[in-house]
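Trainee: Generate the whole structure from the sequences, applying the supplied hints.
There are 4 protein chains.
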Amino acid sequence: MPIVEFVPRSDQLCWTFGGIAPVMMVDPGTTMKVWTEDAFSGKLRHASDSFFDVVPAGQPNPQTGPFFVNGAMPGDTLAIHFHSIEPSRDWGVSASVPWFGGMTSTIRDPTLQPALPERIWIYQVDRRARSVLFEARDSDHRIALPLAPMLGTVGLAPAMREVRSSLVPDDHGGNMDTPEMRAGTTCFLGVNVEGGLFSVGDGHYRQGEGEACGSAVEGAMDVLLTVELLRHRSTPWPRLENDEWIMSVGSGRPLDSAWRVAMHDMITWVAQETGLSDGDAYQLVSQVALAPIANVVDPNYTVVVKVPKAVLSRVQPYGGWHSQARRLVDDPA
Amino acid sequence: MPIVEFVPRSDQLCWTFGGIAPVMMVDPGTTMKVWTEDAFSGKLRHASDSFFDVVPAGQPNPQTGPFFVNGAMPGDTLAIHFHSIEPSRDWGVSASVPWFGGMTSTIRDPTLQPALPERIWIYQVDRRARSVLFEARDSDHRIALPLAPMLGTVGLAPAMREVRSSLVPDDHGGNMDTPEMRAGTTCFLGVNVEGGLFSVGDGHYRQGEGEACGSAVEGAMDVLLTVELLRHRSTPWPRLENDEWIMSVGSGRPLDSAWRVAMHDMITWVAQETGLSDGDAYQLVSQVALAPIANVVDPNYTVVVKVPKAVLSRVQPYGGWHSQARRLVDDPA
Amino acid sequence: MPIVEFVPRSDQLCWTFGGIAPVMMVDPGTTMKVWTEDAFSGKLRHASDSFFDVVPAGQPNPQTGPFFVNGAMPGDTLAIHFHSIEPSRDWGVSASVPWFGGMTSTIRDPTLQPALPERIWIYQVDRRARSVLFEARDSDHRIALPLAPMLGTVGLAPAMREVRSSLVPDDHGGNMDTPEMRAGTTCFLGVNVEGGLFSVGDGHYRQGEGEACGSAVEGAMDVLLTVELLRHRSTPWPRLENDEWIMSVGSGRPLDSAWRVAMHDMITWVAQETGLSDGDAYQLVSQVALAPIANVVDPNYTVVVKVPKAVLSRVQPYGGWHSQARRLVDDPA
Amino acid sequence: MPIVEFVPRSDQLCWTFGGIAPVMMVDPGTTMKVWTEDAFSGKLRHASDSFFDVVPAGQPNPQTGPFFVNGAMPGDTLAIHFHSIEPSRDWGVSASVPWFGGMTSTIRDPTLQPALPERIWIYQVDRRARSVLFEARDSDHRIALPLAPMLGTVGLAPAMREVRSSLVPDDHGGNMDTPEMRAGTTCFLGVNVEGGLFSVGDGHYRQGEGEACGSAVEGAMDVLLTVELLRHRSTPWPRLENDEWIMSVGSGRPLDSAWRVAMHDMITWVAQETGLSDGDAYQLVSQVALAPIANVVDPNYTVVVKVPKAVLSRVQPYGGWHSQARRLVDDPA
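As given, the protein sequences belong to chains A, B, C and D, one line each in that order.
Once you know that position 110 of the first sequence is 110 in this note's numbering, the rest is easy, because the numbers rise by one and skip nothing.
Once you know that position 31 of the second sequence is 31 in this note's numbering, the rest is easy, because the numbers rise by one and skip nothing.
Once you know that position 297 of the third sequence is 297 in this note's numbering, the rest is easy, because the numbers rise by one and skip nothing.
Once you know that position 43 of the fourth sequence is 43 in this note's numbering, the rest is easy, because the numbers rise by one and skip nothing.
By construction, these hints were calculated from the structure, which means they are not laboratory data.
There could be a bad hint or two in this list.
No distinction is drawn between identical chains; accordingly, a pair holds when it is met within one copy or between any pair of copies.
[Said to hold, decoys possible] Below, in silico cross-link-like pairs of lysine to any residue (SDA-like), each with a Cα-Cα straight-line distance of 20 Å or less: (1) K33 / F6; (2) K309 / P146; (3) K309 / A115; (4) K309 / D140; (5) K309 / E135; (6) K309 / A136; (7) K309 / E273; (8) K309 / V26; (9) K309 / L145; (10) K309 / Q272; (11) K309 / S131; (12) K33 / N70; (13) K309 / R142; (14) K309 / L147; (15) K43 / V7.
Bear in mind that the values here come from a model prediction, so they are computed numbers and not experimental data.
Mentor: Written out as C-alpha cells, the structure reads:
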C-alpha cells in the first residue's frame, strides 16, 4: 500500500481548527505517515526554561494539517484509524504554567490568590524499556513510568463558520486529551465543511486522566494513520472504537455537561446499533458503561463514555470499518 | 476469629447518616457479617411495580447501622475492610424514576419538559455463571452481564452537627456509588462524632460508572467486613485502598468540584506518603492517575481519583492496615 | 397587639436547622420582637482579631430559634413578615477568611495555591445618617455606605430527616443571603416537620449581591416580625413578597442550578396565580423577570428571580396575606 | 457633527465575530447611524411561523458590521457609546425553540425527554405609550409591558485567531444579552486584531434578566452610536459605563464562572481607579456591587457586576470618555 508522508515545516504548523488553507489534499482511504510537533513547539527543552519566554504568544499546541479529504461534504463522517503513534524524540516535557491547570485558579475561574510558580519537568524516554523517567524537582526521587503514547488533539473544521483554537475540544474534536486516542483506535468525526479539513497533534508520551497539571508528558510523534470517508453518515460528537470498546467523547463546561453529552450520544448510538428502544438502551448503558475523565483543564472539559462491544453482540458500527482498518497495515511498528 | 452478626429488622433500618442511636457497639478490630437491604427496601419486585406506590415517602436507600465503634473520637479514622460482598437474593432491580437520573431534568435542574416515564427492570442472578440477566422491556433482547457486587453507600455521622439523607455523598462518605467499593477494598473515613457511627447499604449487583439512569442493579447483600480504629489520624475525604491502587473519593456539584476535591486529596496524600513536594506530587499524579466517574445522579456527584501503588514504591498508607486486613479472613467466600 | 419578645441567652443560640428542641412555642399570627446575634457570635470586634481564634469551631452563624408554630404540619406554609430589621449595635464587621469566599479557592474547589491572608474590617454605624463607614486597611480611604439592614438567614427544619448547618441555604430556606430579606418583606417557607421550627439570624447592615468576600457587614439585629400559618398550602422553595414584587429563591450548585430552580418556581407560580398556561407564563416571565444573584459563597449558591406585581394584575398570592401583614403594625420603627 | 449611516443589504449581514472582511472603515470618533436586523433575520413574523422553516440553517442572529476602526491595534480599547437604540418596526417577536433555552434540556445538556413544543409570540409596539403587548397563546390574556430597547450583541473580532458565532458571548463581547446595553451606555472592548472589527445587532425591545426562554422581544433597531479608539489601554473583559454605574461583564459556563470573571474584573478595575489595595477593593466591592444575571441560555452564560460611581468618588474611567460622549449628540431622539 502506498503511504503518503507529510512532515510540516515550522512555517506550516497551524493553531486552529478551521480558518486555514489545507496543506495537502488526500483521497479517501489514504494511509499517511505524519509527524507532529509537541505542544510547546519543541521549544521547552530544559527544566530551567520558561513557557512565556520560549513559546510565542498565541502559538500553543501546533497541529499538523489541515488535510482536505477529497469528496468529504457536510453530513459525512471522517474515520481516522491510528495504526501507530510513536515518540520521535528521546525526551518529553511537562509544565505547570501560571493560571492554567486543574489545581489552580484560571482566567476563566479567577481568584485573588497568588499564582502557583511555573515549573518544568523533562522526561527521558527509554525506548527499550518503553518507559519515561519522572525526575522530581525538589528532591532526588526518580520513577520510571510506562510509555503510553497518544494524541491529545484530533479534529476537523467546526460548523457555524467558526474557527477554534487548537486548545479547545468540542463537537469538532480538537483538544480532547483522552488517553484512549492511541494506536489501535479509530476516531469518527462529523464533517462540517467541504473536505473536512482534519489535523492532528499534541502527542503525549503518557497522560493521567484529567491532565491535572495542564500538560501531559508532551512530545513529538511519528503517526501512521488511515483516513476514510463514510458518505451520508452523520456523527454528532466524536466517537472512538477499538477492538474491545465503542466510545463517545463529550466536551463542555462544567464537567457534567461533558459527561451528559457523551452519555446521551452513547445511549442513542447503542439504540441505533442494537435495535433497543432508547429506554432500554438507557438502562443497559447505565449498567455497563465506564466513564473515564479525559481533561479538566482545557477551555472545554472532556469525558469519555465507553461500552464493551462484548455486551452488544460485537456490533460493527460504521459498517465495520474499524475492523477493516485494523488489517490494512501488516506491522505498524 | 469471632464474627459479630447483624441482620436488621425492618424497623431497624435507617435513612440518614447522623441523628440516630446506634444499633450496636463494637470494639475496634471487630469482624462483622451484616446484611443490607436494597435501595427500594426490597419492595420493588416486578417490572409492573411503581416506585411511588411501593416505597414509603422519605424512605429511599435504607442503611444497616449505625454501629458505634468504641473509643472512636473526632480526629480519628475508621478503616472498614470488605472481605466479601455477595448477593443475598437471586434477583436485582433497576428503575428509572421521574425527575431522577442523569438523562432527565431533575428537581435541582428543573425544566418545563414532560418527565420520562417510570420504568422498572428485574434482573435474574445466575450465581454459578456469576452473571445478571438484562431483559429489555420494549423488545426481546436478553444480555447476560457479569456479576460485580459492590456497596453504593458506606458512611459515618457528618460533622457540623449535620444529619444527611442516605442519598447524599459528601466528606462523611455516604452514597458515593462507586464500583470501587467491592470485596478486597478498604474504606478510610474521618471520624466526626464519638463512636464514628458507621452504616453500610445500597448493594449493587453491578453498576456502570455514572449510575446514569439513577439506579444500579440494586440488591440485598451479605457483607463480611472488619472495622478498625486508627487513632489520631485524620482523613479529610473518603479514601479507598485495594491491593493495586490507592484512591481518593470526592463529592460535590458540579462534577468538576468532585474531581477537584479528589485530585487535591490525592496530591497531598501522595506528597505525605512519598516525601515528594506538593509541586512534584502534582506533576507525578497528573501523569499516572485514573479518574473514573462514580455517580452523576445523587445530590452530590462523585469522582474517584486512583494512583497505582506500583509507582509509589508500594506505599503502605495508614500503617499498612489494608495489607493486614487482607489476611484476617482465610476464605471470605 | 401583644408582642412576644425573645432574646436568646448565649447558651440558647443554635447552629442548625432541624435537630434541636424549640426554644418557644407560638401561636399562628404572633408578632415577635427577637434579637439576633451576628454571624461571628459578636466575638470579632477588632481589625486585629482572628476568626479562628475568637469563633469556636463549628459555631459559625448562630440563629435565634427554633420557634415551634402551633398547628403547623407538613404540607402547610409558614409566612413570616418582617416589619422592621434594625441594627442593635453601633458597629458591624466583615471578614475575608482563608479558603472561604468567592475570590479564592475553597475546600469544595481546592487548589494548590497559597491562601489569601485573613482580613477583618470594622464598620462604624451612623444611625442618624443611616450609613456604615468603610475604612480601608491598606490606605486611609473612608467611604460612607448606605445602611441597608437585612437578614442573611431565615429557615425551617428540613425534610427527609435532615439537619443542616446554618451556613447552608436550600429548599428549607436557611442561609440565602439575599438583600431582599429586608423590612417590608414577607417570606413564605414550606413546612417539613410538625411546628415548622423556624429560626432567624445572620443580620447584615448591608451586603452586595453575591456576598463576594464571604461576609457582609455583619451585625446584631432587633427584628420585629409576624408569623402566620397557611394551612394546606405547599411552598416548594422559599418565596418572598413585598409591595412591588413577588420573588422565588433558588439555591444549589452550580449557580445555574440555583437560577433554574428559582425560574421554574416563578413560572409555575405565575401560571397558578394568573391562569396562564405554563408556556405563556414561561414567555411572560422571560420578558419581565429580574434575576439578582444573592450569594456565590455558601455551600449552596442562591439566586432570586423577581417579577413585578404590576404586570400580574396586582396578584395577591397566599390569599393576600402580605398585604394584611403590612397593616398589622402601625409604626414598625 | 457629520454622521455616517449604514444600513446593511441582506447580503451584507454577518453571523460571526472575526473571519469576515469589514463592510466599512471608520475613523476614531465617528458617530454612526446604523440599522440592525432582528435575531431571526426578520423572517419570523407570525405566531404560526416555524423557526426551522423560515430561518436559514446556520444564520441565527445576524450582525451589522464589521466596522474597521482606523488605527486600532491589539492592546487598544474601543469605546462605543450608544446615544439611542430605537425600534425600527412596530412589531417584535419571541420564540421558544426546541432544545434551546433555560427551561429545557439542550444540545449541551441533553436528556432523553421529549422537547418542549416550538412556540412563537408576536408583540405589537405602541410607540406613544412606549410599550409592547404580550398576547397569550393559550388564553386571552393581554398585558402591556414597558418598552425597554437594548442590543443583545456588541463585539469585536476575538483573539487567538478564533472566529466565533454571533450566538456566543465571551471576552470579545458578542452575544452578552444584558439589558444594561441600552441608550446612554458606553461599552468598552479590548482590541484583538487590527481595526478591532466591531459589529452590533440582536436588538431587544425588552428582555428579562436571564433571557429564560431563549429569546427576548426581538426586533430591528435604529442605533445611533459613537465609536472611539483609546490607544494603549487594554480591557480584558467587556465593561460598561452609564451615568451612575460602572459594570464588568463576565461570560462562561457554568454561571459561577461568568460571575467570577466579572467580579474579578470589577475588583481589579476599582483598585486601579481608586488606589485601593486589591484586598480593600475586594471588601468594598463585596458590600456595594449588584450582580444581575444577563443570560443563562447562550453557549456561554453572562453576568454583570455593577458598582455605583457615587461610592467611588465619581471615578471617570478611561479618561472620562463616557461623560464626553454623553455630550456629543444634542438630542439623540
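Trainee: Checked against the structure, which of the hints given earlier come out wrong?
Mentor: Those not satisfied are hints 3 and 8.
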